[in-house]
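Assemble the complex: chain F is given as a structure, and chains V and D must be docked to it using the hints.
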Amino acid sequence: MTVILNQSFTGISIGAVLLLIALGLTLTFGQMGVINMAHGEFIMAGAYTTYVLQKAISGAGVSLLVALPVAFLVAGAMGALLEWLLIRRLYTRPLDTLLVTWGVSLMLQQLARDIFGAPNVQTRAPDILTGNIAVAEGISLANSRLFILGLALLSVLALTLVLRFTPLGRRIRAVVQNRDLAEVSGIATGRVDRMTFFIGSGLAGVAGVAITLVGPIGPTTGTNYIVDAFLVVVVGGIGQLKGSVITAFVLGVLQSVLEYSTTVSVAKVIVLVAIVAFLQWRPQGLYTLRTRSLA
Amino acid sequence: MSGEGLTIRGLRVSFDGYTAVDGVDLDVRPGDLRFLIGPNGAGKTTLVDAVTGLVKATGSVRFGTNGDGTELIGKPVHKIARLGIGRTFQTATVFEELTVLQNLDIAAGAGRGPLTMLRRRKGIPQPVAEALETTGLTALRDRPAGVLAHGQKQWLEIGMLLVQDVRLLLLDEPVAGMSHEERESTGELLRRVSEDSTRTVVVIEHDMDFMRSFARSVTVLHAGKVLSEGTVAQVQADPKVQEVYLGRARAEESADAAPAVPSPATGEATPTTTASAQEA
Amino acid sequence: MTTTSAPTTPAPEVTKATSPLTRFRVPGGFALGAVLLLGIAPLALTDFRLALLAKYLCWAMVAVGVSLAWGRGGLLVLGQGVFFGLGGYAMAMHLKLADAADTGIPGALPDFMQLYGTGEALPWWWKPFGNPAFALAATVLLPMAVAAVLGFFVFRRRVRGAYFAILSQALAAALAIWLVGQQATTGGTNGLTDFQGFFGYDLDDPANQRTVYFVIAVSLLLLMAAARQLFVSRYGELLIAVRDSEERVRFLGYDPANVKLVAYVVAAGMAGLAGALFVPAVGIISPALIGVVPSIGFVIGAAVGGRASLVGAVLGAIAVAWAQSTLSDAFPGAWTYLQGLLFVVAVGFLPGGLASLGAVIRRNRIRTRSGEAA
Chain F
1 MTVILNQSFT GISIGAVLLL IALGLTLTFG QMGVINMAHG EFIMAGAYTT YVLQKAISGA
61 GVSLLVALPV AFLVAGAMGA LLEWLLIRRL YTRPLDTLLV TWGVSLMLQQ LARDIFGAPN
121 VQTRAPDILT GNIAVAEGIS LANSRLFILG LALLSVLALT LVLRFTPLGR RIRAVVQNRD
181 LAEVSGIATG RVDRMTFFIG SGLAGVAGVA ITLVGPIGPT TGTNYIVDAF LVVVVGGIGQ
241 LKGSVITAFV LGVLQSVLEY STTVSVAKVI VLVAIVAFLQ WRPQGLYTLR TRSLA
Chain V
1 MSGEGLTIRG LRVSFDGYTA VDGVDLDVRP GDLRFLIGPN GAGKTTLVDA VTGLVKATGS
61 VRFGTNGDGT ELIGKPVHKI ARLGIGRTFQ TATVFEELTV LQNLDIAAGA GRGPLTMLRR
121 RKGIPQPVAE ALETTGLTAL RDRPAGVLAH GQKQWLEIGM LLVQDVRLLL LDEPVAGMSH
181 EERESTGELL RRVSEDSTRT VVVIEHDMDF MRSFARSVTV LHAGKVLSEG TVAQVQADPK
241 VQEVYLGRAR AEESADAAPA VPSPATGEAT PTTTASAQEA
Chain D
1 MTTTSAPTTP APEVTKATSP LTRFRVPGGF ALGAVLLLGI APLALTDFRL ALLAKYLCWA
61 MVAVGVSLAW GRGGLLVLGQ GVFFGLGGYA MAMHLKLADA ADTGIPGALP DFMQLYGTGE
121 ALPWWWKPFG NPAFALAATV LLPMAVAAVL GFFVFRRRVR GAYFAILSQA LAAALAIWLV
181 GQQATTGGTN GLTDFQGFFG YDLDDPANQR TVYFVIAVSL LLLMAAARQL FVSRYGELLI
241 AVRDSEERVR FLGYDPANVK LVAYVVAAGM AGLAGALFVP AVGIISPALI GVVPSIGFVI
301 GAAVGGRASL VGAVLGAIAV AWAQSTLSDA FPGAWTYLQG LLFVVAVGFL PGGLASLGAV
361 IRRNRIRTRS GEAA
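Protein chains in written order, with UniProt numbering: chain F, 1 to 295; chain V, 1 to 280; chain D, 1 to 374.
Keep in mind that a hint or two might mislead.
[As the list claims (entries may be wrong)] Cβ pair distances, simulated, as ranges:
1) D:F152 - V:A237: 54 to 64 Å
2) D:G333 - F:L161: 41 to 51 Å
3) V:H180 - D:R25: 38 to 48 Å
4) D:Q196 - F:R89: 47 to 57 Å
5) F:R191 - D:P42: 51 to 61 Å
6) V:A129 - D:A226: 50 to 60 Å
7) V:G146 - D:R25: 16 to 26 Å
8) D:L38 - V:L115: 28 to 38 Å
9) D:G188 - F:Y91: 39 to 49 Å
10) D:I105 - F:I139: 22 to 32 Å
Think of the hints as simulated: they come from the structure by calculation, not from any bench.
From the three backbone atoms N, C-alpha and C, an ideal C-beta is built for every residue, glycine too.
Next up, chain F with everything else stripped away, as it sits in the complex (with noise of 0.2 Å):
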């Protein structure tokens, strides 16, 4: 019993790594439609900015709260740069979408070799996030994991009140809904386009910021993430927050009981299957928008 409990808590902070990542997705996939492959090089710049900060500021916990912003800048300013410079000529082709940007991350990962080297870099973390809670008998939780969970729901709390209240988020919502009829309404689609994703790709910043707290950092960290957040994505539903967050977690427990189980392997395939016989249920995946539309 302790073990199913200590594997769901593993799980659940899983959960949260995989919806840091998923929110951006949910951002530029669910809402522009964009499949962007680059998107795990996002992760990789917010954690490489992380490493960065470490060495410029000595202390680990100072450093870790300057680069949640920083590394929201920097990963948010190359997604705009990168919807600038391709993504806004292939929106009418997404498939070939995904093919592109899978060329811009294959660079993005060479540059990042080139910059700081192949082999992977570690960051510390500071000492407040080293210890453990004992949260019952033989149950204990790591602080890094719990302030990645904190700092994911954060992250969902912080971008439903940006789409719900703000002038940007009705935009965006109006963009999303409508494209045309925004437009004819005045509302200058190709910004809002650009400012969703500089907040999508900002956000995966700020995943990127997360998991350096959870081991080495190296080129191609962002890759070994984005199929799995994808697929949250997927069956979370097109552009809806809360199929993300619950798909997120429930893949995260499943994954993490499943490991224990049987094996890392084994588990993913069993997750794949999951996940495949789960669309044949609900093809448009958790929650959908019902429209009349012949999509």
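Okay, now just chains V and D, sitting in the frame of chain F:
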């Protein structure tokens, strides 16, 4: 008494609480050229969607030529299509990257076996040649469908239904956006198609002039229900129909100097067709 | 009752040019390819280069399937590595078992199992691959069966476009991860390698390596001929129709799921055959050859050459594979940049690939000329 043709009983379609079609009964016999009219949101397109299996519905839709019809509710789209029921869409959907001939050949071939499918097309199959003739597209047969004019695409769609040997044709605003000459030709085409006494044709239309010129019978839908049914003259004389269209008809009567038929039910005239096209 | 009412726009009958050049273009090109691959290449190339070419041709065989499924059917198959791997592993398992049997020790296990193996017995799922007929059939049928099952479920529920691409990619990731995890029975990261014989022939003998090359070259030509037949058949037209508008096809009484399934399964079988022939030609199959990255690699060649053109896809795959092995050894970093750039330029700005370059230039020239005239 579900006889020949299309028999609909108690058809109901809801989207998340909104009832788009609310208990419609409808009978259309072979050889008829039935027009479905009604204001925007009356449920015309949804009714066609339900018959062709595109949206889930309750009630009964039967179609058959031998007295006992086959129940269509609950069947997948392609199975319904194989029963000889074909439709067109408000925005003409043809395969833009294929030629006119290829479009028609694909439409003709749903029953082909695997061996035929794996072979190259040799020559032009007889039904395809006839459909090219009927729709007047013979000279354009090697053009990619994507370069056809709007009206030609609609004819191609109708031609695709003909080669399918469709027994029930459901046409969703076939003349929307067409020029006057194109409308006339389309009307003639529909008349010819429906002269075959084994075919049943149902047309959704907003264009009242077009309806008056070509309809053999008319059903008026309003708010998901059948409001009136009969010949063009009967429907136009129906006070309920006049009431639904009244506000607009009065306004238009003063604007329209030469109404084709002296009736208050002129309803929506040509300009509204563009607005309705966006309904899709 | 005739054509009088529907206005017949006077259109000049499109006269199909039937000059000898056009009529013999396809068989002529095919013959030229056969002469190049079967006559000139074996004479002109050293054993080493010929072996490299054999490897490229295997990838080109995958590209034939990609061209069918993606170029014609619009199915972005990002997991072809799975089928390549299934074919490759099926063949490799047989070769390993045959090698073990050749040692003369009864019940001998493949060498790597003796190294990492935990148990003494051969796993049950290895056993049937000892039979050459079963193994050969499995190289093609196993990938096709997996594709059929996956495709059936995925297409039936109308999972398409990006969703399909991501799912097929996840499949590649899952298989690679699974193989790495099962070191005792699959060789793990190292994969299966060190094959001695190939159905009784010594693989170290250069003459036998040449034979393998010929088998591969002939297979590629046959696959291209088969794909060409599919392209021009009624099925090929229907596949384009499904790509254009799936919903419309459904209203014509076809089930688009089946149409797509055929393309997906055939492409999987082609990738499986390629993987199976890759094993004797290159001497290894491993997770690194079938995961997410190589799976996307299978698409890149087709994208660069022209996804919708069979010859374009094949030449693109060969060219990219050649560039990769030539440049990646000399300048590994520069190659990665170039590879990324190739993707961006080829897919983003030349969606028809190099095969469409001629048409694009011609169009631009006409545009410039009419611009000058105006």
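A quick look at each hint next to the structure:
One distance hint, 54 to 64 Å for the beta-carbon pair F152 (chain D) and A237 (chain V), holds here, with the actual separation near 56 Å. For G333 (chain D) and L161 (chain F), the hinted distance range of 41 to 51 Å is satisfied, since their beta carbons lie about 43 Å from each other. One distance hint, 38 to 48 Å for the beta-carbon pair H180 (chain V) and R25 (chain D), holds here, with the actual separation near 46 Å. Judged by the Cβ atoms, the range 47 to 57 Å given for Q196 (chain D) and R89 (chain F) holds: they are separated by roughly 53 Å.
The hint said 51 to 61 Å for the Cβ distance between R191 (chain F) and P42 (chain D), and at roughly 60 Å that hint holds. At roughly 31 Å, the beta carbons of A129 (chain V) and A226 (chain D) sit outside the given window of 50 to 60 Å. Judged by the Cβ atoms, the range 16 to 26 Å given for G146 (chain V) and R25 (chain D) holds: they are separated by roughly 25 Å. Hint check: L38 (chain D) to L115 (chain V), Cβ distance near 31 Å, so the stated range 28 to 38 Å holds.
For the pair G188 (chain D) and Y91 (chain F), the supplied restraint of 39 to 49 Å holds, since their beta-carbon distance comes to about 43 Å. In this structure the hint that I105 (chain D) and I139 (chain F) lie 22 to 32 Å apart at CB is violated, the actual value being about 52 Å.
Figure legend: structure checked against the earlier numbered hints; hints not met, in rising order: 6, 10.
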